[in-house]
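One line per chain: the protein sequences are C and E, in this order.
Following this note's numbering, the numbering of the first sequence begins with 1 at its first residue and continues without gaps.
Following this note's numbering, the numbering of the second sequence begins with 1001 at its first residue and continues without gaps.
Treat the hints as calculated values from the structure; they're not laboratory data.
None of these values were measured; they are calculated from a predicted model.
For glycine and all other residues, C-beta sits at the position ideal for the given N, C-alpha and C.
All the pointers check out, no bait thrown in.
Chain C regions said to be covered by chain E (calculated; three or more residues, Cβ under 8 Å):
1. 240-252
2. 256-262
Over the 12 Å line for every Cβ pair with chain C, so calculated as not near, a few chain E residues:
3. R1028
4. R1068
5. D1070
6. T1076
7. A1080
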Amino acid sequence: MFGLLDRSTSRTVTHVALGVVRASLETPVQSLHDGFRRLYRPFVTEDAGGDAIRVRVMPGSLHWGHRRRFRVTADDRLRFEPVRSDELLPRVEWAINWEVPASLPHYLHLHASSLEVNGCGVILPGHSGSGKSTLALALLTRGWRYLCDEFALIQADSLLLDPFPRAVCIKRPGYPVIESLGVRLTGRPHYVKGSKGYVRFVHPLEVREDAIGRRCPVRYVIFPTYVEDAEPALAPLSRAEAAFAMHQVCFNLFGCRRLGLDVLAEVVRGAECYRLTSGDIHRTCALLERLVGGSAQQVVRSA
Amino acid sequence: MDRETAAKPAMAAVPPGEGTGATRFPRRRTDVRVQELDGEALVYDATTADTHLLNATAYAIWQVCDGRRDTGAIATHLSATYDVSAEDAGEHVRRILEEFDERCLLESPDQEPA
Chain C
1 MFGLLDRSTS
11 RTVTHVALGV
21 VRASLETPVQ
31 SLHDGFRRLY
41 RPFVTEDAGG
51 DAIRVRVMPG
61 SLHWGHRRRF
71 RVTADDRLRF
81 EPVRSDELLP
91 RVEWAINWEV
101 PASLPHYLHL
111 HASSLEVNGC
121 GVILPGHSGS
131 GKSTLALALL
141 TRGWRYLCDE
151 FALIQADSLL
161 LDPFPRAVCI
171 KRPGYPVIES
181 LGVRLTGRPH
191 YVKGSKGYVR
201 FVHPLEVRED
211 AIGRRCPVRY
221 VIFPTYVEDA
231 EPALAPLSRA
241 EAAFAMHQVC
251 FNLFGCRRLG
261 LDVLAEVVRG
271 AECYRLTSGD
281 IHRTCALLER
291 LVGGSAQQVV
301 RSA
Chain E
1001 MDRETAAKPA
1011 MAAVPPGEGT
1021 GATRFPRRRT
1031 DVRVQELDGE
1041 ALVYDATTAD
1051 THLLNATAYA
1061 IWQVCDGRRD
1071 TGAIATHLSA
1081 TYDVSAEDAG
1091 EHVRRILEEF
1101 DERCLLESPD
1111 QEPA
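Chain C extracted, bound-state conformation (with noise of 0.2 Å):
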């Protein structure tokens, strides 16, 4: 895989509806088509649709004395140059998420993990590296439900929050964590993300065949924090604070239909905020599930 080129040249489309968010991908290079198929089988459909964000993966001229490039474009637009295979399909999804906020400028994108658990919306922005995407794999396999690990995607006039379930996107160092948690990663094909490094992917499905959240209202909005060996602890935050830490991680601010501080505003007027310190991710989870109101496994459960 390193470094080796599909000798197949003929373009392979694949369209995918990843909840309010659809795509395609086009592609000469068998293995990543491949790649993408098997992460997103159960969200391959026939067309995309005329709005879809559209991915093309071209081999690169070869020049003498370089090593050739893909070209990864989105909606037409150059994205990146990778050099290796196994970088391709972490910049496929990166070329997705950079586009989606302009393709669904009715929505409010944050950067966030968003969870539903009961019929409630839970959100937890945070930057690359505050653990938002360990801690909602983790919950997820306490029976909450996945909406995204990237984004919170928040209608701007419904204020609900809507799915984008992309795979769970794990960095080398988390890997032992999310095995503890019984998602199994060895075996799995190791891919390059950049500066991130090493890392795997892992579509919620996998998990839990009923991983996937619905569209529900935002009731708890918490900003998590790593800190290696804290004991977890939530701290209040106020309504105006939180709005604030929102915007600071919204992408588009200013490229949604309504000003985006005005429904931020709105969102946290429904919502409980807070700080998380997370540390051990069980007692992090315990904690969360006594925040919303009991396990959501035996809701699961029972239901």
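Please build the complex by placing chain E on the supplied structure of chain C, with the hints as guidance.
Coordinates of chain E only, in the frame set by chain C:
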């Protein structure tokens, strides 16, 4: 006020009623978007695309920056409304008005008086 208005140490003292420029009879800008949340507020300035977080004290002062009261009157109002001494109120008012001024949240002094 985040971006640390409320938490900052007091600015250089300006006696009540003797502020200069925009802070003497401070008048809040009306062309900014304000979202009140539980007694605090977010203020969005479209001209700079900046958002400011006002804590309860800053927002209380913001609301009475009407261009008719000088800093002394605002401090008196704050002291009468909240459980705070006149001295402390004056200190809060001076410090927060300085912040408002630095962030261009007040009308400029050459504006017509209210």
